[in-house]
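Asks: Sequence:
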Amino acid sequence: MKIIKKDSTIEELVIEVMKNVRCQKYTSEKLCDLQNIIDTQFFYYWSMDMKKEEYACDLFTDDFVYRCFSEAPTEPKSQALRSKFVNRNMMTMHMSHNPLVWLINDTEARGIFLYEDNNTYTDGDTVEGFSMYCNDFRKCEDGIWRISKMRIAYRKMNGKLHDFDIEEGWTPDEWEEWKAK
1 MKIIKKDSTI
11 EELVIEVMKN
21 VRCQKYTSEK
31 LCDLQNIIDT
41 QFFYYWSMDM
51 KKEEYACDLF
61 TDDFVYRCFS
71 EAPTEPKSQA
81 LRSKFVNRNM
91 MTMHMSHNPL
101 VWLINDTEAR
111 GIFLYEDNNT
121 YTDGDTVEGF
131 SMYCNDFRKC
141 EDGIWRISKM
151 RIAYRKMNGK
161 LHDFDIEEGW
171 TPDEWEEWKA
181 K
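Numbering-wise (the UniProt record's numbering), the sequence shown opens with residue 1 and increments by one.
Hints listed in this document are in silico derivations from the structure and should not be mistaken for laboratory results. Take the hints with a grain of salt, since some may be wrong.
Simulated restraints, written as ranges between beta carbons of each label pair [stated by the list, open to error]:
(1) S28 to G169: 50 to 58 Å
(2) I3 to N89: 35 to 43 Å
(3) N158 to R88: 20 to 28 Å
None of these values were measured; they are calculated from a predicted model. Glycine included, each C-beta is placed from N, C-alpha and C at the ideal position.
With the sequences and hints as input, model every part of the structure.
Replies: Written out as structure tokens, the structure reads:
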């Protein structure tokens, strides 16, 4: 098992969320927003596990930023395509729990989620990771909550992921975009 060095930036954000969530006051509307945000995050995991990574296109804002070891802005479709490529030769199982969501204001929130993934490649290799997600969410003009920044802080990993970069000329066998209404 590989122990991965703490990401101090993400750790500070997680602690900030913990403190602010503890002091939040809830209304019926805020509770609905809270559930919609949690649903957004969990929909991401389900999209990966059901091999519908392209559904994630609708989960991200146009100015989406992804951070896992390094941070970079990325187009929603590019991020979904990368996930489709990385997941193509494995059975994925994403398990997330203990969500805390800080409703910063009416259109911005930050959520933290403990996370475990268990992946089995078609050749039998397995990878198991333990991490934290610390994501920023934005309620867009259409009233739908989307992820504006996804931060993943892996803490432990058994095994090694095979592929990160999309092979030149690769196209998915299946691609069916979907949007929330």
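Asks: Tell me the numbers of any earlier hints that the structure contravenes, in ascending order.
Replies: As far as the earlier hints go, only 2 is violated by this structure.
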